[in-house]
Amino acid sequence: MLQCLEGFNHLLGCLVQCFDTKAFKKPRGLEDPEIIARDTVFSVSEVEALYELFKKISSAVIDDGLINKEEFQLALFKTNKKESLFADRVFDLFDTKHNGILGFEEFARALSVFHPNAPIDDKIDFSFQLYDLKQQGFIERQEVKQMVVATLAESGMNLSDDVIESIIDKMMQLKVSLTRFFL
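In terms of this note's numbering, the sequence shown is residues 1 to 183.
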């Protein structure tokens, strides 16, 4: 029942967006790189370079000044295969407006976490969210396994179940060690 209500809410949100007159306006470009630089760890010149990359990615399928999931997958993997758990998770984390597309500011702010000067806490938070597939605030063993299997498959690596279980065991031991360290 709850899933049905969530699905209905999502559908209703999409319909409301269809009638939003702002949705029909052309997306904004790089209006003020200094604002984005001030709000992220990027320099102004890095923001400008990111904008050039953004323009290239956002015109790969539809030249609309926005990045959709297919264009995102093309940029990450040089393929637009329909199912990619890793790409879907990263895209969903980048898509802070939850509208299925990325504008430049959203793209730049999300990429900021990968910058060498980004705070380690931001990097940890992003990694945690990436693996917290059920968005429960904690990561279950099955979620780790699902991400490891998907990532290996997407990169063309086929490992035995024993090796995968060993990798997950090591990751879960690390989790226990880190938990003890931070508590």
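I should point out that these hints are in silico values taken from the structure, not numbers from a laboratory.
Don't take every hint at face value.
As the list claims (entries may be wrong) - In silico BS3-like links for lysine-lysine, alpha-carbon gap of 30 Å or less:
{"#": "1", "residue 1": "Lys55", "residue 2": "Lys97"}
{"#": "2", "residue 1": "Lys97", "residue 2": "Lys170"}
{"#": "3", "residue 1": "Lys55", "residue 2": "Lys123"}
{"#": "4", "residue 1": "Lys78", "residue 2": "Lys55"}
{"#": "5", "residue 1": "Lys145", "residue 2": "Lys56"}
{"#": "6", "residue 1": "Lys69", "residue 2": "Lys97"}
{"#": "7", "residue 1": "Lys123", "residue 2": "Lys97"}
{"#": "8", "residue 1": "Lys97", "residue 2": "Lys78"}
{"#": "9", "residue 1": "Lys97", "residue 2": "Lys134"}
{"#": "10", "residue 1": "Lys134", "residue 2": "Lys78"}
{"#": "11", "residue 1": "Lys78", "residue 2": "Lys145"}
{"#": "12", "residue 1": "Lys134", "residue 2": "Lys123"}
{"#": "13", "residue 1": "Lys56", "residue 2": "Lys69"}
{"#": "14", "residue 1": "Lys134", "residue 2": "Lys170"}
{"#": "15", "residue 1": "Lys145", "residue 2": "Lys170"}
{"#": "16", "residue 1": "Lys69", "residue 2": "Lys55"}
{"#": "17", "residue 1": "Lys78", "residue 2": "Lys123"}
{"#": "18", "residue 1": "Lys56", "residue 2": "Lys123"}
{"#": "19", "residue 1": "Lys55", "residue 2": "Lys145"}
{"#": "20", "residue 1": "Lys69", "residue 2": "Lys123"}
{"#": "21", "residue 1": "Lys97", "residue 2": "Lys56"}
{"#": "22", "residue 1": "Lys145", "residue 2": "Lys134"}
{"#": "23", "residue 1": "Lys78", "residue 2": "Lys56"}
{"#": "24", "residue 1": "Lys145", "residue 2": "Lys97"}
The structure displayed is predicted, hence computed values, not measured ones.
Given pair status - Lys123, Lys55, alpha carbons within 30 Å
holds (25 Å)
Take a quick look at whether Lys78 and Lys55 sit within 30 Å of each other, Cα to Cα.
holds (16 Å)
Has the given pair, Lys97 with Lys56, been kept, meaning a C-alpha gap of at most 30 Å?
holds (22 Å)
Are Lys69 and Lys55 close enough, with their CA atoms no more than 30 Å apart?
holds (15 Å)
Pair hint outcome, Lys55 versus Lys145 [Cα-Cα no greater than 30 Å]:
violated (35 Å)
Measure nothing beyond the straight line between the CA atoms of Lys78 and Lys56; if it is 30 Å or shorter, mark the hint as holding.
Roughly 13 Å separates the two Cα atoms, so the pair holds.
Is Lys97 close enough to Lys134, meaning Cα to Cα at most 30 Å?
Holds - the C-alpha atoms of Lys134 and Lys97 are around 19 Å apart, at most 30 Å.
Hey, Lys134 versus Lys123, does the alpha-carbon distance stay inside 30 Å?
This hinted pair holds, its Cα atoms lying about 19 Å apart.
Please verify whether Lys134 and Lys78 have alpha carbons no more than 30 Å apart.
With a Cα-Cα distance of about 28 Å, the restraint between Lys134 and Lys78 holds, given a limit of 30 Å.
Decide if the proposed pair is consistent with the structure: Lys97 and Lys78, CA atoms, cutoff 30 Å inclusive.
Since the Cα atoms of Lys97 and Lys78 sit roughly 25 Å apart, the hinted pair holds (cutoff 30 Å).
Check the hint pairing Lys134 with Lys170 against an upper bound of 30 Å on the C-alpha distance.
holds (22 Å)
Just to be careful, I want the Cα atoms of Lys69 and Lys123 compared with a cutoff of 30 Å; is the pair within it?
Holds. Lys69 to Lys123 sits at ~22 Å (cutoff 30 Å).
In terms of the numbered hints stated before, the structure departs from hints 2, 5, 19, listed from lowest to highest.
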